[in-house]
Amino acid sequence: MLRLFDTALGAVAPLEPRQPGRFSMYVCGPTVSGEPHLGHGRFTVTWDVLRRYLTWTGLDVRFVSNVTDIEDKILARAAAEGRSPEEVASHYEALWWRTLDRIGVLRPTETPHATAYVTEMLELIERLVDGGHAYMGGNGVYFAADSIDGYGLLARQSIESLIAGARVEVDEDAGKRSPTDFALWKLAKEGEPSWPSPWGAGRPGWHTECVVMSLDLLGDGFDLHAGGLDLSFPHHENERAQAVAAGRTFARRWAHNGMIVDQGGEKMSKSLGNTLSLLELLDAYDPRAFRLQILQAHYRSPVSVSDSTIAAAAAAVERLDNFAREFSDARGINPDEDVIERFCERMDDDLDTPAAVAVAFDAVKSARADSGDRARAVAAAVFEIFEGVLGLDLHDQVAGPPAAALAQAKERDEARARRDWARADEIRAELQADGWIVEDGPEGTAIRPSGTSPDGTEPDGTQPDGTQPDETGE
RNA sequence: GGCGGCGUGGCCGAGUGGUUUAGGCAGGGGCCUGCAAAGCCCCGUACGGCGGUUCGAUUCCGCCCGCCGCCUCCA
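Numbering (the working numbering) for the first sequence: 65 to 538.
Incorrect hints may have been included.
Simulated crosslink set (DSSO-like; lysine-lysine; CA at most 27 Å straight-line) [said to hold, decoys possible]: (1) Lys334 with Lys253; (2) Lys334 with Lys429; (3) Lys331 with Lys137; (4) Lys334 with Lys137.
Here are the simulated distance ranges between beta carbons [as the list claims (entries may be wrong)]: (5) Trp161 with Ala493: 41 to 49 Å; (6) Ser242 with Glu405: 49 to 57 Å; (7) Ser514 with Glu254: 31 to 39 Å; (8) Gly74 with Gly337: 28 to 36 Å; (9) Ser225 with Gly337: 36 to 44 Å; (10) Ser514 with Gln83: 48 to 56 Å; (11) Gly85 with Glu405: 15 to 23 Å; (12) Asp504 with Gln83: 55 to 63 Å; (13) Glu254 with Ser365: 41 to 49 Å; (14) Leu293 with Glu490: 52 to 60 Å; (15) Glu490 with Trp120: 46 to 54 Å; (16) Ala468 with Glu390: 20 to 28 Å.
The hints are simulated quantities; they were obtained by calculation from the structure and are not laboratory data.
Every residue gets a Cβ at the ideal spot worked out from N, C-alpha and C, and that includes glycine.
Whenever a hint applies, use it, and build me the whole structure from the sequences.
Following this line, the structure appears as structure tokens:
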């Protein structure tokens, strides 16, 4: 049984499903107003790994992740670029899924959109207003945080100390009564997209969609609500507050992943403007290197991604590919049970992927030290761990090199056969200059693309995305 | 100010009250090789500082120093 840190509990606890054999999880998805950045890459990989692991252990996992397709930043970009908000949202959503494909993140079971749930959100808001939990302010409808007991659970603070620590003045014009209150419904300004409501035409506040969509698709008391640590407060707290006020049972467990930080150790965030584009990183390195680096840090720790850390991960991926080529005949046979058991022990301990990956690297070493069926079983465990569970495919086949390169390889073999080392070395240098790694094997000269191949294409044919160059990461 | 986290060898990064090491990357030496590459073997005696508990602490406790997060939009 997997044990996972629970933010509300402040401790690691067994993750027992609501219904035996089934697992329901909700992860806060993106606001599609810009390019995916490194932080997006991290949270998607982290929860994708949890989802894959639970599935692999036999659970039927229902994984819901929303798309916020109506929000202030989308409107701002649409206005700036002379496009409609719908165009902006659909453009960045398409880019979002294309990018996740590249880092091996599976599609959620469901991807509800905020704009498809406006009716349900209005029903909830009405219920909250009727129950005395929400009030009409100058710019919209606000939730009164002090109207429920236990506000501050996820921050592990009392509402008094949260108010005392508020960094932002209460906006008198908006008619917000307390800094901890938050918008449920925002009245539309001239020209903004809007939906009719009893309080005037407007659009939903961000915190409401997740409540409605998670409860609608997963039901009361669903198993896990996860997301970035920066969402724990106030976003998740505000979701929980609405559910509590509406008399619903919300998520049974809460989990949060750590932040990507810059080289100075500071969190990448929109307000600091120090976010790095995930797309640029994926264009410059094997996308699997990003996934491996995320796996090589504990999901709750801050992680710094830089050229040197990604290069190190890329070198490790290359080693794994070499291993996969060497043991390609081990695919499909029964994995060594000891290796799998040790791997699971680490995963079950609060998703300790760095230690779990270390088990796999140990297995790489021992498979090579061993021989025969035993070596192949251990190798099969390596495949099972990386490909069957962690979503990191190993490449044991390379696309057929072009005929010209093969001809050079053949010529080199001929030179070597007549012990013409000078000519053989000359051809090798030519091949290397063209971006090939040259190895002498039992079948003669073998070539495969190096990571810095001039043609730049991955064997899987990944192409750079088609975003405009002037877009900034957000 | 309130609440929380972190400080491990050149870099990244797990873990543990003590006997033999996490793991990855980089580096040094060696084996293999026509020379390489890949692979294999060996190596460098890491746990912020000061006290305390203990037979023994990197691991527990206290204090200090440093860094970071949340209390505003954010994954």
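Hint check, failures only: Structure breaks hints 2, 7, 9.
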